[in-house]
Structures are given as structure tokens and as C-alpha cells.
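Kindly produce the complete structure, drawing on both the sequences and the hints.
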Amino acid sequence: MTEHVVIVGGGVGGSVLANDLADRLAPELEDGDVRVTLLNDSPEHVYKPVWLYVPFGQSEVDDGRRPLADLIDSRIEIRIDRVTDIDTDAKTLGCRDSDRPIEYDHLVLATGVTLAPEVVPGLEEGGHNYYSEAGAEALREELLSFTEGHLVLSVVGSPHMCPVAPLEFTFMADDWLRERGLREDVEITYTYPVGRVHGTPPIAEWARPVLDDRDINVETFFNAESVDPEAKTMTSMEGTELDYDLLVSIPPHRGIDVIEEAGLGEKGWVDVDNHTLEAETAEDVYALGDTADTGAPKSGSVAHYQVSTVGQRLTSRIRGRPPTATYDGKTLCFIETGMDEATFVAFDYENAPSPPPPSEKIHWSKLAYNESYWLTARGLL
Amino acid sequence: MSEELTDERAELEAAIAENPEEVAEFVRRLDAVNELLDVLALGEGALTDEMVRDVAGTTATLAESADGIATEETVGLAETVGENGAELEDALESLLTLQRTGALDELVELGGVASLLTSALDDEMVTSLAGTGTSLGELADTATEEDTHDGLETMLEGVAAAEAETPEQVGPLGLLGAARDPDVQYGLGYLLSIARAIGRERTETGAAETTQ
Ligand SMILES: Cc1cc2nc3c(=O)[nH]c(=O)nc-3n(C[C@H](O)[C@H](O)[C@H](O)COP(=O)(O)OP(=O)(O)OC[C@H]3O[C@@H](n4cnc5c(N)ncnc54)[C@H](O)[C@@H]3O)c2cc1C
Chain H
1 MTEHVVIVGG
11 GVGGSVLAND
21 LADRLAPELE
31 DGDVRVTLLN
41 DSPEHVYKPV
51 WLYVPFGQSE
61 VDDGRRPLAD
71 LIDSRIEIRI
81 DRVTDIDTDA
91 KTLGCRDSDR
101 PIEYDHLVLA
111 TGVTLAPEVV
121 PGLEEGGHNY
131 YSEAGAEALR
141 EELLSFTEGH
151 LVLSVVGSPH
161 MCPVAPLEFT
171 FMADDWLRER
181 GLREDVEITY
191 TYPVGRVHGT
201 PPIAEWARPV
211 LDDRDINVET
221 FFNAESVDPE
231 AKTMTSMEGT
241 ELDYDLLVSI
251 PPHRGIDVIE
261 EAGLGEKGWV
271 DVDNHTLEAE
281 TAEDVYALGD
291 TADTGAPKSG
301 SVAHYQVSTV
311 GQRLTSRIRG
321 RPPTATYDGK
331 TLCFIETGMD
341 EATFVAFDYE
351 NAPSPPPPSE
361 KIHWSKLAYN
371 ESYWLTARGL
381 L
Chain U
1 MSEELTDERA
11 ELEAAIAENP
21 EEVAEFVRRL
31 DAVNELLDVL
41 ALGEGALTDE
51 MVRDVAGTTA
61 TLAESADGIA
71 TEETVGLAET
81 VGENGAELED
91 ALESLLTLQR
101 TGALDELVEL
111 GGVASLLTSA
121 LDDEMVTSLA
131 GTGTSLGELA
141 DTATEEDTHD
151 GLETMLEGVA
161 AAEAETPEQV
171 GPLGLLGAAR
181 DPDVQYGLGY
191 LLSIARAIGR
201 ERTETGAAET
211 TQ
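Chains H and U supply the protein sequences, listed in that same order.
Going by my numbering, the first sequence runs without a break in its numbering and finishes at 381.
Going by my numbering, the second sequence runs without a break in its numbering and finishes at 212.
Because the hints were derived from the structure by calculation, they are not lab data.
A virtual CB, placed ideally from N, CA and C, is assigned to each residue, including glycine.
Treat the hints loosely; a few may be bogus.
[As the list claims (entries may be wrong)] DEER-style ranges, computed between Cβ atoms:
hint	chain 1	residue 1	chain 2	residue 2	range
1	H	141	U	182	51 to 59 angstroms
2	H	261	U	202	48 to 56 angstroms
3	U	158	H	260	53 to 61 angstroms
[As the list claims (entries may be wrong)] Residues from chain H that face chain U, not an exhaustive set, calculated with beta carbons under 8 angstroms:
hint	residue
4	330
5	357
6	365
Shown next as C-alpha cells:
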């Protein structure tokens, strides 16, 4: 009997895993003992980190798109459809464009996040973001011609993708405006929902003095309640009101509804064992990347590092051996601290981050990695 | 010794007095610094994991030691550094040279990138990178053999020229007509000889596999 592995989601985690399995399970694929299907709702793979540079006119959204068919090993079956139902008892998936359910023996969920700006009244109309292709392009139109006024970067949703991207945007905007001699005419405010400037204490301790040095106003304990697009004000649950001229927000995030409906976890985040990445409420279901609720950040590096754990465990199961590989929380995030300097944080479940002094060389490393990401997607790096 | 150097020496001594522990640590790491300088001359490709870690630590220490150079306080340093006197002198010379040439700042930055690399990589990535590198190397090895190289160049130039023209749809009659064109005849002959060679190659490897 042929065992069927189905990966849902062809973003960072799903694509890297598909290519990883093509190598790992090469003999079984060759002999027809295993089939691997990658299911994605669009024929294109999207690499989101590119969006950070779009508002500054330094990248185009198309730089982050490639056809999945070009990236994925030919031994993997690619199917373009949207999963609309998961039945973990019958081990079947329902899809939007197909009447017949897909049967699976092993299921991997790598469906990423969905933005939910509607949770905060007025946010969609009044705020910009760079967390979607359309958002990044619309923000570019505003930012490139923004020469004076109050720029507010508000972290509304938490958890959100790339935990340091809000700080990066703020530092970049500050530097970019300075380079163009406009900083005196633009006030910048950064808001964060908890009592410090970042959820991870060592990152907050590092970032706070940098924000202060650069005359960036900080509002902590700021949980956005509503936005008034007409009056251009934003109000927090704590009762603070902020006037803005240009509001850039990190909108609230959720996983896909299908996951919650299948009883796999709340708000669409799959409840998994932090180390094995196996679902807590169903057999033969794994999750990786942004949709897996592990406590590790929602970042591409996490999705990438988790691939080898899922790849090894799946392969062991298929070969009838006890799986032993585990994920230790390894995370790596670059932090752009301006337009031409960056630092990075590396941490895991046990070890806290400690950013080295920012430098141009680390910034170059980030740019270089963004280019060579396509090797990662192909499973080569 | 020139006056300038004497001044620098005095400043350094003051700095050492202020930071005896860092200096002792620096001396301890001097080997790593020298090794690093050699490696940098060699090219970063030669870095090993162990060295990368050392370098990252060393550059941080260098930066800390250098930080103290401008301070004034002087306390006896002999007892702290003790019998490492000669090594210390070497170390100071190295530090001075590094600082004077601006290499110290570069080293600190490279140290950051080096520790980034060690943090970012994991076993899987090292294995697949090395695997990719090896395959590319093997491919390059074959591709640079003179005949292969010339052949590939001919093929690629042909592909580029074809891409530059808009291809026309050709039916059976057109095919017959084209077969009279000397360029096409040469090309077909070339493709046939490739086909023959591929066939031979496959039979030979097939035979080799079955006799193993
Ligand atoms: C502005 C920005 C900057 C970032 N910068 C960095 C960075 O510098 N470094 C870093 O490591 N990370 C960064 N990230 C985060 C990174 O992009 C994500 O963490 C990463 O993409 C997560 O990978 P994933 O596979 O979990 O999800 P995704 O890459 O989002 O892929 C999910 C896939 O699932 C598909 N899908 C969803 N639902 C369904 C369904 N029902 N049926 C079929 N297909 C479905 C989607 O279409 C998508 O292709 C950044 C993110 C943003 C927004």
C-alpha cells in the first residue's frame, strides 16, 4: 500500500519540507511506497520578508514570488487548491475546487497566518501595513511622499510574524528620514501592547536605549481599541489617545479557521508538542511554521529549522522506526537598525538572545540571505 | 623608539593597569588572533567552527581591551600579568598595529558575522550546503574539461541564438525543406553524435552497475 503524506501550505515551511522529503524518502518515492503531495492555494510561493523593503522603494513584491513548480522537486505532487475541511478521524481533507476528499496517512499543516485587522474597528480604513503585498504597496505610495507630520508604528496584534519587524521598520524609517534631511519635520512614535518595547525581555532591553537615542517616542501598554480614520486618532484600551498623520500597524493575526473547526487548536494555531511538533489532539498530524503553537516566534527561520525535525520524524514513522528528532526552539532573526546597518538575535527555548553591535556587514548578510533564500526554498541551504 | 610610540606605550600601560583582567585574557587569546590574521590572509573559506567561535570571542575581548586605551590611571601591571611579560609585549604590538590600521574595528565586525554564521547554521544546513558544494564542484570538474566546455559553449550559444529569434511552426514539409539547409545538417549531425555518445555512456555505466 502506498502511504500518502500531505503537506498543506506551500510557504517557507511547506516548501522546504516538500524538498526535504523528496531527498529523505527518495527510495520509497522511487518504489512507489510513498507519495508526497504539497497543497497550496496559489501556484506561486511567496517570501514575505521582502515586504519590509517595499515601502522604502527598495524591493518590489514580485521579488518575493516564484512559481512553486520551479522550486519543488519533481518527485513531489503539487496540487493547487484551498483546504476547507480537515477530518482527523477519517484522515481526509476537503478542498474548495474538488468534490472528492483527499485521503492522507500523514498530514503536515504549514498554513501560516491570516491577517485580521477587522478585530479593531477603523484599523483597516485608517491604518497601513507592510504585512501583505497590497498593504506594502499602498504604504509605499504614502511613505515615499511623506515629508512631515506624525508617523506612528503601532504593534496591534501579538503574536505576529517576525517579532522584530516592527522595530526594524521604525529604525529604518528614522534613518531613511534622517538621510533625506526630513527627520526634524517628522515625529515618530512606536507603540507596544505590553509594558516594554518588545515581548522578549533581552530584546526590549537592547532596543529601548536605541529608540531613546534616536528621539523615537515610545508608548508601552498600548493595546489598540479603535481607530478613527476621519479624525486620524487611535485609542488604546488603557485610555491613551494618539493623533497620527501616517499610521503603520502590525494587524492582529490568526491561523486559518479550518484548524479551529477541526479541533486542532484555538484561533487557528495548532496545539503541538513544542519539541516533536506533533499535534496534541490528533494522530499523524504535524504542524510547523507560523501555524504551530510552540512558543517560538513566527519567523521563517523557525519554520526552516523545524523542517528537519518533522522530516526526520515522518521518515522514521514511515520506516517503522521510533522517531527521535526534536526541535529545540532555535530561532534566528536579523534586525535592520537603519538603512545600512543591522544586528541579529539567535536564541532557543533555553538560551536568551544577545545582539552584537550593529554593523554594515551584518546588514549585507541579511541582504545576501534574502537573495539566497531561493536556495533554502529548494532545499539546498 | 620614536616619541609617538613612547606616548602610545605609556597610554597602553595605563590602559592595561585599568583592565588587567581583559589584557590577561587577550594575551591568552593571542594565538587565536594570530591564527585569525593568517586565516584572513588565506581567505575566510578556511575558517573552522572552532576558529569561528574563538574569533568571535577574541574580537569582543579586543574591543573591550581597546576601549580602555584612552584612560589615564596607572597602577603596576607586572604583578597581574607576571611571567607573561614577553607575550604581553607581542600582544601589545599586535593590538597597536590592529588599532592603528583600523583592522580592529573590521575584526569586531567580522566577529559579528562569524558568530552569526555559527548561530544560523545547523547540522542539516551544513550537510546540505556541503553536498550542494560538492555536486557543483563535480559538475564544474566535468564542465571544465576542454571538450565538454567547448561543447557546452556551442550548445548554449545555439540556445541563446534560438531564443533571440521567434521560432516558426514547422510541419512535415517544412522539416524536409529545413533538412536541406547546411546549418541544420551540421546541427543534426552534432545532435546525433551527442545521442550516440549518451547511449554509449548509459550502456557502459549500466554494464558497470550490473557487474558490481
Ligand atoms: C514584513 C515581514 C518581514 C519578515 N521578515 C522575516 C525575516 O527577516 N526573517 C524571518 O525568518 N522571517 C521573517 N518574516 C516571517 C516569515 O515570513 C514567516 O514566519 C514565514 O513565512 C512562515 O512560514 P510558514 O510556512 O509557516 O507560512 P507561510 O510562508 O505564510 O506559508 C503559508 C502558506 O499556506 C498557504 N495556505 C494557507 N491556508 C491554506 C489553505 N487552507 N489551503 C491551502 N493553502 C493554504 C498560503 O497561501 C501560503 O502559501 C517576515 C514576515 C513579514 C510579514
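Hint-by-hint comparison with the structure:
1. 141(H) / 182(U): 51 to 59 angstroms: holds (58 angstroms)
2. 261(H) / 202(U): 48 to 56 angstroms: holds (53 angstroms)
3. 158(U) / 260(H): 53 to 61 angstroms: Hint holds: Cβ distance 56 angstroms, inside 53 to 61 angstroms.
4. 330: Given a least distance of 7 angstroms, the restraint on residue 330(H) holds.
5. 357: holds (7 angstroms)
6. 365: holds (6 angstroms)
Checked against the numbered hints given earlier, this structure breaks none of them.
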